[in-house]
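Could you build all of it, start to finish, from the sequences and the hints given here?
The chain contents come next:
There are 8 protein chains.
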Amino acid sequence: MNHETLTQILSQVAAGKLSVHSAKDKFEHLAFEDIGFANIDHHRSLRKGFPEVIFGQGKTPDQIIGILETMVNREEIILVTRISLEKAEKVMAKFPMAEYAVDARLLQIKIKEPKISGTGTILIISAGTSDIPVAREAALTAQAMGNRVETLFDVGVAGIHRLFAHQKSLTNASVIVVVAGMEGALPSVVGGMVGAPVIAVPTSIGYGTSFNGVAALLGMLNSCSSNIAVVNIDNGFGAGYMASSINHVSAGK
Amino acid sequence: MNHETLTQILSQVAAGKLSVHSAKDKFEHLAFEDIGFANIDHHRSLRKGFPEVIFGQGKTPDQIIGILETMVNREEIILVTRISLEKAEKVMAKFPMAEYAVDARLLQIKIKEPKISGTGTILIISAGTSDIPVAREAALTAQAMGNRVETLFDVGVAGIHRLFAHQKSLTNASVIVVVAGMEGALPSVVGGMVGAPVIAVPTSIGYGTSFNGVAALLGMLNSCSSNIAVVNIDNGFGAGYMASSINHVSAGK
Amino acid sequence: MNHETLTQILSQVAAGKLSVHSAKDKFEHLAFEDIGFANIDHHRSLRKGFPEVIFGQGKTPDQIIGILETMVNREEIILVTRISLEKAEKVMAKFPMAEYAVDARLLQIKIKEPKISGTGTILIISAGTSDIPVAREAALTAQAMGNRVETLFDVGVAGIHRLFAHQKSLTNASVIVVVAGMEGALPSVVGGMVGAPVIAVPTSIGYGTSFNGVAALLGMLNSCSSNIAVVNIDNGFGAGYMASSINHVSAGK
Amino acid sequence: MNHETLTQILSQVAAGKLSVHSAKDKFEHLAFEDIGFANIDHHRSLRKGFPEVIFGQGKTPDQIIGILETMVNREEIILVTRISLEKAEKVMAKFPMAEYAVDARLLQIKIKEPKISGTGTILIISAGTSDIPVAREAALTAQAMGNRVETLFDVGVAGIHRLFAHQKSLTNASVIVVVAGMEGALPSVVGGMVGAPVIAVPTSIGYGTSFNGVAALLGMLNSCSSNIAVVNIDNGFGAGYMASSINHVSAGK
Amino acid sequence: MNHETLTQILSQVAAGKLSVHSAKDKFEHLAFEDIGFANIDHHRSLRKGFPEVIFGQGKTPDQIIGILETMVNREEIILVTRISLEKAEKVMAKFPMAEYAVDARLLQIKIKEPKISGTGTILIISAGTSDIPVAREAALTAQAMGNRVETLFDVGVAGIHRLFAHQKSLTNASVIVVVAGMEGALPSVVGGMVGAPVIAVPTSIGYGTSFNGVAALLGMLNSCSSNIAVVNIDNGFGAGYMASSINHVSAGK
Amino acid sequence: MNHETLTQILSQVAAGKLSVHSAKDKFEHLAFEDIGFANIDHHRSLRKGFPEVIFGQGKTPDQIIGILETMVNREEIILVTRISLEKAEKVMAKFPMAEYAVDARLLQIKIKEPKISGTGTILIISAGTSDIPVAREAALTAQAMGNRVETLFDVGVAGIHRLFAHQKSLTNASVIVVVAGMEGALPSVVGGMVGAPVIAVPTSIGYGTSFNGVAALLGMLNSCSSNIAVVNIDNGFGAGYMASSINHVSAGK
Amino acid sequence: MNHETLTQILSQVAAGKLSVHSAKDKFEHLAFEDIGFANIDHHRSLRKGFPEVIFGQGKTPDQIIGILETMVNREEIILVTRISLEKAEKVMAKFPMAEYAVDARLLQIKIKEPKISGTGTILIISAGTSDIPVAREAALTAQAMGNRVETLFDVGVAGIHRLFAHQKSLTNASVIVVVAGMEGALPSVVGGMVGAPVIAVPTSIGYGTSFNGVAALLGMLNSCSSNIAVVNIDNGFGAGYMASSINHVSAGK
Amino acid sequence: MNHETLTQILSQVAAGKLSVHSAKDKFEHLAFEDIGFANIDHHRSLRKGFPEVIFGQGKTPDQIIGILETMVNREEIILVTRISLEKAEKVMAKFPMAEYAVDARLLQIKIKEPKISGTGTILIISAGTSDIPVAREAALTAQAMGNRVETLFDVGVAGIHRLFAHQKSLTNASVIVVVAGMEGALPSVVGGMVGAPVIAVPTSIGYGTSFNGVAALLGMLNSCSSNIAVVNIDNGFGAGYMASSINHVSAGK
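So the protein sequences, as listed, match chains A, B, C, D, E, F, G and H. Heads up, the first sequence is in our numbering, so the first residue is 17 and it goes up one at a time. Heads up, the second sequence is in our numbering, so the first residue is 17 and it goes up one at a time. Heads up, the third sequence is in our numbering, so the first residue is 17 and it goes up one at a time. Heads up, the fourth sequence is in our numbering, so the first residue is 17 and it goes up one at a time. Heads up, the fifth sequence is in our numbering, so the first residue is 17 and it goes up one at a time. Heads up, the sixth sequence is in our numbering, so the first residue is 17 and it goes up one at a time. Heads up, the seventh sequence is in our numbering, so the first residue is 17 and it goes up one at a time. Heads up, the eighth sequence is in our numbering, so the first residue is 17 and it goes up one at a time.
Hint data in this document are derived by calculation from the structure and do not stem from the laboratory. Incorrect hints may appear among the rest.
[To be verified] Simulated restraints on C-beta separations:
| hint | chain 1 | residue 1 | chain 2 | residue 2 | range |
| --- | --- | --- | --- | --- | --- |
| 1 | E | E115 | A | E115 | 56 to 62 Å |
| 2 | H | I81 | B | K128 | 55 to 61 Å |
| 3 | C | E115 | D | S27 | 53 to 59 Å |
| 4 | A | T76 | F | L62 | 51 to 57 Å |
| 5 | F | S100 | B | T187 | 49 to 55 Å |
| 6 | E | M108 | C | E115 | 40 to 46 Å |
[Stated by the list, open to error] Not close to chain G: a few residues of chain D, all C-beta gaps over 10 Å, as computed:
| hint | residue |
| --- | --- |
| 7 | Q24 |
| 8 | S35 |
| 9 | E49 |
| 10 | G65 |
| 11 | L101 |
| 12 | G136 |
| 13 | F169 |
| 14 | T187 |
[Unchecked claim] Not close to chain F: a few residues of chain H, all C-beta gaps over 12 Å, as computed:
| hint | residue |
| --- | --- |
| 15 | V29 |
| 16 | F53 |
| 17 | E85 |
| 18 | E102 |
| 19 | F111 |
| 20 | V118 |
| 21 | H182 |
Nothing here was measured: the structure is a model prediction, and the numbers come from that model. Even for Gly, the Cβ is constructed at its ideal location relative to N, Cα and C.
Laid out in structure tokens, this is it:
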């Protein structure tokens, strides 16, 4: 549910087309809906501008389908993150309009194609080729939330001239997401080149003392560039979401 | 040095008031200046919209003074972070216009009072009273960078009605900085209430398994709210800087 | 063996129906029984009010069956925790009255249905849908130990109004078990809303810096609410056991 | 503020002795009071049965005094935890009725001596002599909250017969708090001897691989006894609070 | 090779039955033998009283067979530790006299049955049933090295009377090996009951904060009993070896 | 691309055989080439003396093949590291001249056999047989980069006379790579015996508290010999690369 | 109290010189004595062959003196470990016969000079000069417990020929204690040279990644020599105690 | 002692000027000298080309003086590392020719000024001003060992054009030492720009999640540049030593 639906209901009440009692029932469902194994937060679109996103990991396909069924008539776009191909196939059998990105492990149901509502362009950079799946999760999320998105892959610090060649894209972006594993040094370099906010995403790419992304995470948290904030390891979704949130900050506030 | 200075020099050259040779000299100094123990990045104002900030920890008062001397005629505002009262007093003896905030351990030299250039209001929240010094560092930094700043202290999750009473401030903010120690749960609750981006700052307040802020950091990195990104433990400066960076994102990009 | 069995044996001796020698033999077995790979603690029902619970992980099906055989005629209810479906099926082939909860990985043999002996109601809350298996383990354990149990699932802090809608259940509970992964913030919020003791159970739900539940654990140990104590990660059984132990504290003591 | 105060105000309104407007004012202050650096939660006594406790660490003496001033006329007993002797002396200069326990670092202001309201006896055990300060903090807290408290010090597992000599105290207790550093093994042994709930408190006593209490904490979280839950390292206050919370669970709920 | 072989060779030289040149060749092989992927330390029996033991993990079956072939004619007993069933079967196809203990993952080739050479009895205790495989590895190792071995399984601290019932075995042992997972508390209790040296072996049995045996390890390293030393997690072999080494300390030295 | 190719292009321009426009095009490709999922750094041979090495882990076979296709006509030798047998087989189907070392997980395409260009001999030592795969990765890398390489396997500190027997090889080497798991003590001993630089490579061989190589890593970082520097756990490739880099340091610089 | 005292009391009873009632009183005190802040384990000499040792850290001088007063007439030798010079001076003012070793932070009260009762010689080795205080604590403890002790300092692995020069001392020792910080490699080398049991003591000597002794600890736990067991970091006392315990293992058992 | 001394002694023997017996005495002292608390390794100059370096931390001034006294007549240059100003002053009172660098905490006694023997130039770079003391320790060490040394301070990645301005120094160096705290990204960037070996030194500069240099260390170990190896945190001495060792690798080997 979004602001539109809300206005519509209230207008119907004002116009006498909907009884107060029926409206109250609708509103109670708007707040959240208890389906036993989940309390779905239908109020979230209204409060946060985007509906609840389903965290696929640790849920059964039946639970995911059950949640989707309560949402699909209320929302314009729904995301399921961290959903394996196997589970996604079961969900898509039920919801044939769903699209699944296998590298990003992201399933989307788009009732309406999202409109561009963000003010600038979000640039998503990956340090290596192996970091692309996480970068893609960020890109797809930001697009679903109504943002222009550009990507730039495999421009890590071991050959830093590759990055400098794209100086213009960097300077033009309103928000930059930098995805990097191993030593996670790329956000510091990018952050030093621009004034825009940088969202750093450590990935679990690496081995040994990368400790599944901890080395990259620590590198990013200790960056000597100050226009940087960090999300969880491999959290492409969160980075795309945060970037969208930033890209929607506007003078009106 | 900032865009204004740059335009000024170039105009002088164009007008024949400054030889090419002299301009080149000036530009070389603009890039950076080597004073033996430091290579000061004078180009930063131009590139990032704010001059290099001096990290006070681990530098001697003489080193800080030396760096300030190369900057004070080129910049409009200079910050020294993580500087102890003892060192600050030595610096202020040399630069009497400097202001020092003892709780935030922040020293500022303002040649010009910063103008409000950010589009909205930055709200800075602390979970507890003991977290205030870090929150203050964020607030002072954001103000120095040209932002409207509001603060709200001691509204942690153990008495969550205190937070809800300020719903309006939360909804109005363009960016929110949440400073919390111990379990670091407040950013998740705040993030769930608004659509704006939230910068979470873990603090080292706590004992035992707080591990000097690691518990709060992990709580924030694993937040179930998605409009959240995190900075280093006790990094009030970085949070204020990042919030300002976000508050300057505008439609022009 | 429980207090009833004990009284029965002693009465038989008093009535001359059982020789002292035979009684002594029985008592020796009561203390514990050595079956080679295990020393079963038959005295536990008497001492602690509930028989020894079998930790299924790391035991072979034959070992579990062997232990059950020494217990099944002495106890009224027996639990096997952390037992996989595969092992459980082998055990159930031998003990057809056994019931197995696949999500909670808990096998129960109920000779007698447990009577309600706890004084109040234990409320078991999960932050997310993915935390339900651990919550179920807690609920089944508490029920097996003679407690009234209520559950409330998927009411995490990212949409905190879902929790507030159940204020009455919270206020009525004598003990609350809160099961949460990721940042583990829910117990702090719940603990701040009630005076009853809260048992916090971190789960391994999450990824990256959740470190398999460590983030949630630390969040809970550092809670700013004080009516909280914590059990091991994913230890639904221990939480249910502890809650039952608390729910049996009575004025008599 | 507590239930008594609440009833009193409402009765005055009902009797026409207090205007609705004045009552509303009073209630607004009851919820919480903003004094700039703190939002004091006056509602807590009502909600949780005990007023907000002041965490002394990281607060200045002036902040503590400021908070106390808003509370001292509303509450019957106030605790300040983790307050150093030096700070406590400044506070006591202002509040001469305050009592300070130097080993437990606990300051109490008792307007009324607490009445025994808990149903049973709380037994507080320390493994070593060096663990006594933490055990004392637990004992004083539990007493302040209206409980009968017994203590038993220096009965660690290296000479376990010392513990067995006190079997009767163990069996009689409604709740047991066990305080231990080093390997933290005592709660397991105690938990195996009784059916009552055991609150385990790791202490930072030890050296090397005790890692300031982490070894003891892990030992307690992994206890093979199931009637055990754990609080933060050195958190005597929390243990006393939780024990009191348990000791107030009654049949009425 | 052992002292006997050495004496034999030297006697042959003295008796003129072996040329100096041939003896030199033999001795060179005694020091070690390079077979490309391994430098086998044939001198070890002489120096340490027991031949080199093959660490099976990370070696291919062919490598293990290759090493065994150089040893089998020189030594009286050979052990291969941490060898999987699958690898063991390949090795046994080549060396049919080999015996394999599947729970202890230990393969033995006994050319001669070991004689009892240790002075006392080694007692090997496990806290739980799940710890038995590690305890068995210790027992088999100690037997192979010429010691009398007794075992006592599943006598953990949650029912400590089971341990006390075996007081006599404890008092009689010259060395005690205690194998325990979870909180690892048993060695402290055992160490407090006897004067004999105790070798503590943490196991990876447990879950969550057991961190694969780290909790048990730390418990043992911080034991408040002082006649305890610790080996690596799950290192039953090392514990049996060390116990044998202790059991062979004699007045002669 | 290497110095030869560069000179060739420039000469063609000088000789009028290549237009400036075509040369510019070639040079732009020389810097790097964007193939969507990768920005291949063709400039690296020129800058660093060896072409970009492909990190196989986390890349699909198609991505590896795509990258190889852009490199195979420009370079004389190409390495793919950490590539599984399964992926390697797909790559070799496309590039039949590729050679794959299954233990070292290294794939090489040699257009030309590398010439010996390093000044001395690189000695590669493994502490155990299980460390050989990592040692082999180092050896193959160093050979590919134009170095004379000797190896010495299974000479760990538990039988240190095996090492001393090879004193001469140690003394002759210009650089030594020491590969060791478990306690990682061998580099200290080797470092103490020679003046040459030692590159220490911790391996993940071990169990329990080896923490997948962390124990060995820490041992090496804390070595009491000073001619030692360390690379990542299991990083045989990096050690071979670094050793080659050292072996190419010459008086000319 | 020791075996002698026990025999004496029992003989007096047998001889009618002591009433059963008086003997019972004496025995009750023998078990342990409760002096409020401590339960002194007087039974320990009987059970373990050496009286309770006082852990000085975290105890006040008054507590130490109080404990000593209950022991000084019952025992022949008393140790206080980890006692600072400042505390020791207060204790010595009360007990002038006490001796204090400032480097080892060990205070001893010898009523009788200990007789040599151990069967062989304990050799105590330190890797560096900085490790000597811990080695001295081990040596003094072992001497107090009736052992012949030899020491050998500063023979670390960076110059391993220094160790080999003392081969004879190594071969002659019945037990060896090896004290080492930094990488902790020395016990592996020593363990490889002898058949005797080796007690390894990590020290906190080092910096950076020594992590206050964790690097040395891990090195020792992962030793490729098997006749090694480990005690806590800087635990010289425990190593000396354990070594004595081993040196008293005799054929009688 | 060095090669010269050795040759001299042997020549005297050959010339009959020194008896075999006296020469043997001298050689025995050459190997090492036992002065009770230290076994000084006089053989090291011969074996490794540089005398034993004294690790000042944890040694008393008297111990340092004692060691120096045995060395000062045998060596040409002696270093004492990690020696505080306070200790250094006591040592200099005894050895007035000693020089002390207070920032590097390094004391040197130069009997002869070291000759340049290394083949190229060692370039030592620091990322920040606060990293200079560690960089200085590296520079002084490398100079003492006979190398040409250049330094370049405060060129961190947040303003990477400062580094590029010194491209020529980077390209000319035979070995580069890069000293960096915080995220430790600089060695990756430098390593990507040159073919020479890079020694990376993490420093403890930073706060919060820098974990006293662990973040920088992990960044360096996971570098995506391969010509990098790492030394311990703050180990400027080791880096200088290793760089010198590399700079002395020559074609002769």
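Of all the hints given earlier, name the ones this structure violates by number, lowest first.
13
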